[in-house]
Amino acid sequence: MSPTEPYITNWIISSALVALGTPLLSGLLATLISPRYAWLISLTAPLMLLFSVIASAMLFYHAPGIGSYDVNVPWFSLGDHTLGVGLYIDKLTVVMVLMVSAISFLVHLYSTGYMAGDPSIRRYFIMLGFFTFAMMGIVLSNSLLIVFIFWELVGFSSYMLIGHWTELPDTGNASRKAYIMNRIGDLGFITGLMIVYQQTGTFQFDFIYNEETLPWETAASLCIFMGIIGKSAQFPLLTWLPDAMAGPTPVSALIHAATMVAAGVFLLARVHFLFTPVALIVVIITGLITTLLGALAAMTHTDLKKILAYSTVSQLGFMIVALGAGATEGAILHLFTHAFFKAGLFLAAGAVIHSLHQAQQGTTHRFDVQDIRNLGGLSRSLPLTFLVFLVCGASLSGLPFFSGFQSKESILTALIAWGGLTLSWKGLAVMVILLTTFLTVCYTFRLIWFVFIVPGNERKEGGLSVMEVPFVMRFPMIVLALCSLWWIVSANPLGFSGWYHKGSSSMPGTVLSLLAVFGALGFSFFHYRNKLAPGRESEISSALAGTFYLDKLYAMVFGRTVTRLSVLLTLFDKKYIDGLVHGTAYIQVTLAHVVAWLDRVMVDGTVNNIARLAGGIGVFTRSFQGGKIQLYIFWAGLGLILLTLFLIT
Amino acid sequence: MIPLEHYLILSSILFSLGIMIVIIKQNAIAVLLGLELMLNAANINLVAFNLAHPHRLDGQLFALFVIIVAACEAAVGLAIILRVYQFFHSPVPDDINILKD
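Protein chains in written order, with our numbering: chain A, 1 to 649; chain B, 1001 to 1101.
Everything labelled a hint here was simulated from the structure, so no lab data went into it.
A couple of the hints might just be wrong.
Unchecked claim - Example chain A residues on the side facing chain B (calculated, C-beta under 8 Å, incomplete): (1) ARG36; (2) TYR37; (3) SER623; (4) GLY627; (5) ILE629; (6) ILE633; (7) GLY637.
What the hints assert, rightly or not - Now the in silico label distances, taken between C-beta atoms and shown as ranges: (8) LEU642(A) to ARG1056(B): 53 to 63 Å; (9) GLU1073(B) to ASN608(A): 47 to 57 Å; (10) GLN625(A) to ILE1067(B): 44 to 54 Å; (11) THR644(A) to LEU1057(B): 25 to 35 Å.
Given the structure is predicted, the values throughout are model-derived calculations rather than measurements.
Built from N, CA and C at the ideal position, the CB exists for glycine as well.
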């Protein structure tokens, strides 16, 4: 820590704590408000989040001056092990804090419109506030253990929010799926934690850090990466994210696009020093598979939200590849820009869904409003939503003058510097990334084309009077669209060297990305020009839509194995465990009978016999004193005679 | 001359009969009679032993004392029996058992 004015550090700590605490306070406040005045939550929750944003902005303003700052408080001691809890604030943290609080605030604001009239709006805002708190916790924590705790808490709030609409049939399964897949990843994470603690004796980032590469670091980093795979929906565990779209759209925007899934990328950047070259290769390959799979699946899906979800998967894979190649700053920059434009896309998609639902109310016109085959020509009835979608989509595609272009350019520049355009696996990786960039443009174009531009027919939404969403929902969308422009990264619309990432773009990077983007734009325009509806008939496209049967594979391999195993275990349980229990019980009962007999005969018998003996003696001695005078005389005489005889002899 | 043993045997038979009456009889007056019998058995012994020393009269005198004491005792005993009979309405010694409990 560099020497700074103490009041600055106090400012930093208190603003970090305010940024962390106000979302939780918002959730707690929502629990206190009675259900009758649930509308009050619509005022308090965004207000609390606004405080959080202000605190984050203060942190953002003050923190860059101090480098990295670690404040640790002992939490508890076990023997001579003391575990601490504390804040770790550096450039990465403040960027994440600002991003999380800003998007969370906008989503809270949007939710007040989107969720208006929902009967369980309290639970929604409680969990939304709680999620923001937990996410802030991940970002601000100074040790892996605390990160893990908050990591689980975001998983829990994600579970709660995906399953928010409990009356819908799919939400329960989707939330369970998300939770279980995250658990599989977290199994690795906690193993990694154990390895780290066993090797270094601490969880704090500052103390884990060392320069040299140690053998255990490969194992530990791969274990932690497993947790990242789960949380960021990377290759083997990616199928929960599209299913998570069963939740409310603002939740998808906040949790499953902008923040929670980015937590994995954040953690990878945070513990990047642990990753050995071998581990990094695994990271890159995972990221490459994910980014390609996600983009291909997004090409063929027809569900509005699932296309965006697969796009998120693809972009997350893109960031993971960048991190694996060492382009940490580029990856975080892309994470930052992606959060804004993807949240904007989701909010715009939510606006489409919301306004169509509103239009459907009171009519007999029923169709799945999320299916892009049912949509079309919405640019006329929803001009603002269209504009937001266009801006954010352009940013996602990486068109110049949008933030996505700059962040992708920085990653591509770093990748080319890392792998070059050579004929090696590194060169292949760069080609895959370029292909993904190409596909990204295609599926974004396809989405906008079929939802907004292709004229709608009567079978579709035609005949409904579709209205723009209220201002409280439009405002966050406009802000996010503005944040998807170039100025958020740097003043130069074609360069990425700005407040976060210092560096210069290289010629091949810029040229290649421009080539890919515009090539894709031209290709998709000519491909989709004459089509009125997205086709989805061929075998290959359904394979792509199902992410190459990944879900079916899981069901077949794991589902069936687990079912069989559980049947076997049930049999074993019934036969042996129950048998053992019953046998033990039988032995116990028999033993108890023996003990009861012993008790009755021996113990009680002894006591009874002693009593009977005493009684008998009593009866015997009493018989001498029967109150009969003559008997006394008899006994006295007999006794006298006996005594005499005894004395004489 | 009758040997001493015969007197002694007679007195012991009398004594035994007396004690038997005392123990067996159900009437308090009969018990008192048994008691007299026992005293007289003792008197026979006293007089018999006096035969061995004819010039002394200790035994005979003592026997006289015993007769006097026996008369007194009989008087007192009869009085007690009378009172007891008045109280318990029964001459049977076994019925006089209120001290038992």
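Hints, one by one, checked against the model:
1. Because the beta carbon of ARG36(A) sits about 84 Å from the nearest beta carbon in chain B, more than 8 Å, this interface hint is broken.
2. Residue-level restraint check for TYR37(A) is violated (minimum Cβ-Cβ distance to chain B is 87 Å; threshold 8 Å).
3. For the restraint placing SER623(A) at the interface with chain B, the shortest Cβ-Cβ distance is roughly 12 Å, beyond the 8 Å limit, so the hint is violated.
4. Satisfaction of the interface hint for GLY627(A) is found here, the shortest Cβ-Cβ separation to chain B being roughly 3 Å, below the 8 Å cut-off.
5. The criterion of a C-beta within 8 Å of any C-beta in chain B is met by ILE629(A), whose closest approach is roughly 5 Å, and the hint holds.
6. Because the closest C-beta pair between ILE633(A) and chain B is about 6 Å apart, less than 8 Å, the hint holds.
7. At about 6 Å, the closest approach between the beta carbon of GLY637(A) and any beta carbon in chain B falls short of 8 Å, and the interface hint on this residue holds.
8. A C-beta distance of roughly 36 Å is found between LEU642(A) and ARG1056(B), which places it outside the suggested range of 53 to 63 Å.
9. Range check, GLU1073(B) to ASN608(A): Cβ separation about 52 Å, and the 47 to 57 Å hint holds.
10. Judged by the Cβ atoms, the range 44 to 54 Å given for GLN625(A) and ILE1067(B) is violated: they are separated by roughly 35 Å.
11. Checked against the hint of 25 to 35 Å, the C-beta distance between THR644(A) and LEU1057(B) comes to roughly 30 Å, which is consistent with it.
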